[in-house]
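Asker: Here is how the chains run, residue by residue.
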Amino acid sequence: MSTIHLPTSGQIRDTIEARPESDSYLTHTRGVLSWIFTLDHKRIGLMYMWSVLGSFLLGGIFALLVRTELLTPGPTITSSADTYNQWFTLHGAIMVFLVIIPSIPAALGNFVLPVMMGAKDVAFPRLNLFSYYLWVTGALCCVLSLAMGGFDTGWTFYTPYSTTTSAGGVIPVLTGAFILGFSSIFTGLNFVVTVHKLRPPGMTWFRMPLFLWAIYATAIIQVLATPVLGITLLLLIVERTVNIGIFNPSMGGDPVLYQHFFWFYSHPAVYIMILPAMGIISDIIAINSHRHIFGYRFIAFSSIAIAMFSFLVWGHHMFTSGQSALMNTLFSAISFSVAIPSAVKVFNWVATLYKGSVSLTTPMWYALAFLFLFTIGGLTGLHLATLNTDVHLHDTYFVVAHFHYVMMGSALIAMVGGLHHWWPKMFGRMYNEKLGTAACFVVFIGFNVTFFTQFMLGAHGMPRRYYDYQPEFQVYHVISTIGSYIMALGFGMTAVCLVSSLFGGKKAPANPWGGRTLEWQCASPPPFDNFAKTPRVADPYDFSVVKWDEKTQGYWVDDAADPEMNPNAPKTAHAHH
Amino acid sequence: MSMTLQTLTHIASGAQAASAFAQAAAGPEPANFWQPVAASTNAAAVDFMWDFINWICYFFFALVVALMVYFVIKYRHRAGTAFRTDYPHHNTPLELTWSILPTILVIAIFWFGFKGYLDVTTAPKNSFEIQVQAQKWAWNFKYPNGAQSDDLYVPANRPVRLVMRSTDVLHSLYIPDFRVKKDVVPGRYSTLWFQCDYPTGAPSEKGPKVDGHHLFCTEYCGTGHSNMNRKVYVLAEADFTQWLSDQSQWLDKIADDELYFKAGPKLFARCQQCHSLDGSAGIGPSWKGIVERVKAYPNVGEGKQYPTFEDYIRTSILVPGEYVVPGYANAMPTFKGQLNDRGIDAVIGFMKHLDEFDPKTGKYLKAAAK
Numbered sequence: 001m002s003t004i005h006l007p008t009s010g011q012i013r014d015t016i017e018a019r020p021e022s023d024s025y026l027t028h029t030r031g032v033l034s035w036i037f038t039l040d041h042k043r044i045g046l047m048y049m050w051s052v053l054g055s056f057l058l059g060g061i062f063a064l065l066v067r068t069e070l071l072t073p074g075p076t077i078t079s080s081a082d083t084y085n086q087w088f089t090l091h092g093a094i095m096v097f098l099v100i101i102p103s104i105p106a107a108l109g110n111f112v113l114p115v116m117m118g119a120k121d122v123a124f125p126r127l128n129l130f131s132y133y134l135w136v137t138g139a140l141c142c143v144l145s146l147a148m149g150g151f152d153t154g155w156t157f158y159t160p161y162s163t164t165t166s167a168g169g170v171i172p173v174l175t176g177a178f179i180l181g182f183s184s185i186f187t188g189l190n191f192v193v194t195v196h197k198l199r200p201p202g203m204t205w206f207r208m209p210l211f212l213w214a215i216y217a218t219a220i221i222q223v224l225a226t227p228v229l230g231i232t233l234l235l236l237i238v239e240r241t242v243n244i245g246i247f248n249p250s251m252g253g254d255p256v257l258y259q260h261f262f263w264f265y266s267h268p269a270v271y272i273m274i275l276p277a278m279g280i281i282s283d284i285i286a287i288n289s290h291r292h293i294f295g296y297r298f299i300a301f302s303s304i305a306i307a308m309f310s311f312l313v314w315g316h317h318m319f320t321s322g323q324s325a326l327m328n329t330l331f332s333a334i335s336f337s338v339a340i341p342s343a344v345k346v347f348n349w350v351a352t353l354y355k356g357s358v359s360l361t362t363p364m365w366y367a368l369a370f371l372f373l374f375t376i377g378g379l380t381g382l383h384l385a386t387l388n389t390d391v392h393l394h395d396t397y398f399v400v401a402h403f404h405y406v407m408m409g410s411a412l413i414a415m416v417g418g419l420h421h422w423w424p425k426m427f428g429r430m431y432n433e434k435l436g437t438a439a440c441f442v443v444f445i446g447f448n449v450t451f452f453t454q455f456m457l458g459a460h461g462m463p464r465r466y467y468d469y470q471p472e473f474q475v476y477h478v479i480s481t482i483g484s485y486i487m488a489l490g491f492g493m494t495a496v497c498l499v500s501s502l503f504g505g506k507k508a509p510a511n512p513w514g515g516r517t518l519e520w521q522c523a524s525p526p527p528f529d530n531f532a533k534t535p536r537v538a539d540p541y542d543f544s545v546v547k548w549d550e551k552t553q554g555y556w557v558d559d560a561a562d563p564e565m566n567p568n569a570p571k572t573a574h575a576h577h
Numbered sequence: 001m002s003m004t005l006q007t008l009t010h011i012a013s014g015a016q017a018a019s020a021f022a023q024a025a026a027g028p029e030p031a032n033f034w035q036p037v038a039a040s041t042n043a044a045a046v047d048f049m050w051d052f053i054n055w056i057c058y059f060f061f062a063l064v065v066a067l068m069v070y071f072v073i074k075y076r077h078r079a080g081t082a083f084r085t086d087y088p089h090h091n092t093p094l095e096l097t098w099s100i101l102p103t104i105l106v107i108a109i110f111w112f113g114f115k116g117y118l119d120v121t122t123a124p125k126n127s128f129e130i131q132v133q134a135q136k137w138a139w140n141f142k143y144p145n146g147a148q149s150d151d152l153y154v155p156a157n158r159p160v161r162l163v164m165r166s167t168d169v170l171h172s173l174y175i176p177d178f179r180v181k182k183d184v185v186p187g188r189y190s191t192l193w194f195q196c197d198y199p200t201g202a203p204s205e206k207g208p209k210v211d212g213h214h215l216f217c218t219e220y221c222g223t224g225h226s227n228m229n230r231k232v233y234v235l236a237e238a239d240f241t242q243w244l245s246d247q248s249q250w251l252d253k254i255a256d257d258e259l260y261f262k263a264g265p266k267l268f269a270r271c272q273q274c275h276s277l278d279g280s281a282g283i284g285p286s287w288k289g290i291v292e293r294v295k296a297y298p299n300v301g302e303g304k305q306y307p308t309f310e311d312y313i314r315t316s317i318l319v320p321g322e323y324v325v326p327g328y329a330n331a332m333p334t335f336k337g338q339l340n341d342r343g344i345d346a347v348i349g350f351m352k353h354l355d356e357f358d359p360k361t362g363k364y365l366k367a368a369a370k
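These protein sequences, in sequence, are chains A and B. Under our numbering, the first residue of the first sequence is numbered 1, with each subsequent residue one higher. Under our numbering, the first residue of the second sequence is numbered 1, with each subsequent residue one higher.
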């Protein structure tokens, strides 16, 4: 069987041998400048990826410092509560603004989205590069903030603390977050237009891979919600510099108003983080089960439903803030509505395993870890949406555990899963699957040891953002800290696994996992312009035409066997039910 | 054999009943795997909700993970075999079921949580009212008869309503054992209520150790946030009345010449978080050598002159921002309304006789000698 496959439908499809490897996007042009000024979405995606991973390392170091400090009550590694306050603030701000929000959309999304659509690039390549440099500028502002005395406000910048604290770096970091917001808005805008205008022939809305649906829903939130954050941060800067009383009551302002503004963005931002993760998981599970995703429409619609509901539930962060009881009641009721589409997705993913042919690849292990962790993260949201239990749990470690299960256990684990999923495509190298899977297990165990303990801490009344604590909480803190070390070890293994593949890894086939979407139908790594001609597509989840090729040790998509792509193909029993 | 079993069962159930009885008589529902002591009248409802939601979580978590593990094992792809093709693409009745069933469940959760919340937010009319002032980084509790305290003392068997305000940034008052929490917001009043039926007793220097309930600040407020915690002591009615009257008069009952060493160390306890006695810098400057320092610089800041040491200290307590010692932030809250003239006199006297006190703890050293 030949791997060179010329579809009979009259299209020329790029194949592995059709172009020499030297023509990949990595080698198409050379030199530092060719990267700095690149307009290629794949290179911009990679630059985002390394930047985000670097920030993740930094945020992770601060997390380890925080956890180590909490090994004992009172001083452990620093005798200054202010230093500790800066650590947890930096950990939160870096992880939210520099890592999780751009991680999947800007890094993986940039790389994958146009290829998945058979396009040569995103709709606005220059805007895309500009977004990246906005990200860099925002990150530099954060560094500047550190040089000017840092900031100790918590990543939420609650007033009037943030407008009155003596820490010198508050204004630079607010400016940084403001700029990062624009980076996010432009990326979102770019993706919305790209999805609307650049889909290939055959890719109707309900033929979009679910990763595209997720990125699309995310992009809409980015465009609609982030401006509110921008305005809020600007008001905060104005209040701090020229003392206009918007939020500070001593000047006639209202601190609860700030919380409304802040969460009006930051709650949807939670979905900016989790929706793309859900998209990755949908694709990884379907591809590695080698069967059609179960309930495609329910999953697609639930992404849109989550995006819409996300704008209506911000008040559930404020049940104890002094917001009226009536508002609390309404926000509690609406918050539960998010539970339904989230649950629907989980059930659909589990059902996709049913009667599938499950290959336990490294990305698949991450997807299974995601299912486990997201189920816990989602279910513990019930305790927090419920009014009387939230009053007890609000601002305790229970909340810390809950959002780490969702943001880290789900969003970041999916990001790492996606990284393993598309790594061979990005660099044309396979990593050691045994090491990759082992790392996934270590991270999974470390994660649960770290954060499940924190549910118990919080339920017993341990408040968050505490430098010092009551001795009865110590045993939980020690276990949690040990967990964080295990997790750090796991991520270290992941880094070794991925980086070493670049040097000694086996050459990756075009389609190592058996995907049907277009990014698996160009070479690994893809050529500079992805596809010579815009390809046509059929159902991205019909894997019956995906076939194994012994010679390349990879799969290939036999479009000629798909009746939709080739009217002469024999109709199989298995078309569409 | 069966005799023994019967006897054992009998003994076991007897012991169980006895322990249940002892529990009801001795105090609140003790801490368990998940929750701390349930000491307020509303805690049982919150814990019921907690358990209710937990069981839903256990069920769905077990269901999802069990199916996931089962499917992965059962449908694992083996090398060399063809992929299955007999799978369903979707199943509308099933999908509707798993959309509608959770909807009904969450409506139920919302409703019970809402009902419980109404009880938590609505204070009974006959509540005993305590004024709470939060500031960086201390709590001040003021009782109807004018008494004040740093720890919270409440009467048992009576609803207590806290009327709270903040003089600087956001704080939040949280008593885990009572399952209550409310932000304390500058510029507005917020309220919170609870009732506890189990007296803890008041701590005393001689008596047995008394464990009060923790009271935490749960809204991040800066350097001293994690030390802004106090205790809640629940007193039986007669004890509480006695405590209130003692507490409102304790300063007046001390003779003038004993004021600085009897009241001084007690008042210093509140200053201790920021000010040391041994010269080490804290959030504020140390009190060591304060008399000499102030006297040497009668002009402090632009055109500000304090004729006496006493004037300077009094102003610093009531209007702390008037003169900020170089090298320190303007972080001190005002104690206007918390410290009367007699209290200020005691602090000034304490500062003038610092050599008579332990530089670490502020304890009066001559007490033993006398």
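Simulated from the structure, these hints should not be mistaken for laboratory data. Source: prediction; values computed, not measured. Keep in mind that a hint or two might mislead.
Keeping only pairs whose Cα atoms sit at most 27 Å apart, straight-line, the calculated BS3-like set for lysine-lysine is [stated by the list, open to error]: (1) 115(B) - 125(B); (2) 533(A) - 434(A); (3) 507(A) - 434(A); (4) 253(B) - 363(B); (5) 74(B) - 547(A); (6) 266(B) - 366(B); (7) 355(A) - 74(B); (8) 125(B) - 434(A); (9) 206(B) - 125(B).
Asker: For every hint, state whether the structure bears it out.
Answerer: Results of checking the hints against the structure:
Between the alpha carbons of residue 115(B) and residue 125(B) the distance comes to roughly 19 Å, so the proposed pair stays at or under 27 Å and holds. The hinted pair formed by residue 533(A) and residue 434(A) fails the criterion: a straight-line CA distance of about 38 Å is larger than 27 Å. Only pairs whose Cα atoms come within 27 Å are accepted, and residue 507(A) paired with residue 434(A) is accepted, the gap being roughly 17 Å. Distance check on the hinted pair: residue 253(B) and residue 363(B) sit about 20 Å apart at the alpha-carbon level, within 27 Å; holds.
Proximity of residue 74(B) to residue 547(A) is assessed by CA-CA distance (about 22 Å); at most 27 Å being required, the pair is judged to hold. For the hint linking residue 266(B) to residue 366(B), the alpha-carbon distance of about 16 Å falls within 27 Å, and the restraint holds. In summary, the hint linking residue 355(A) to residue 74(B) is supported, as the alpha carbons are separated by about 8 Å, within the 27 Å threshold. Between residue 125(B) and residue 434(A) the CA atoms are separated by roughly 67 Å; this puts the pair beyond 27 Å, and the hint is violated.
A threshold of 27 Å between alpha carbons decides the hint, and for residue 206(B) with residue 125(B) the separation of about 38 Å lies outside it, so the pair is violated.
In the structure shown, a violation is registered for the earlier hints numbered 2, 8, 9, in ascending order.
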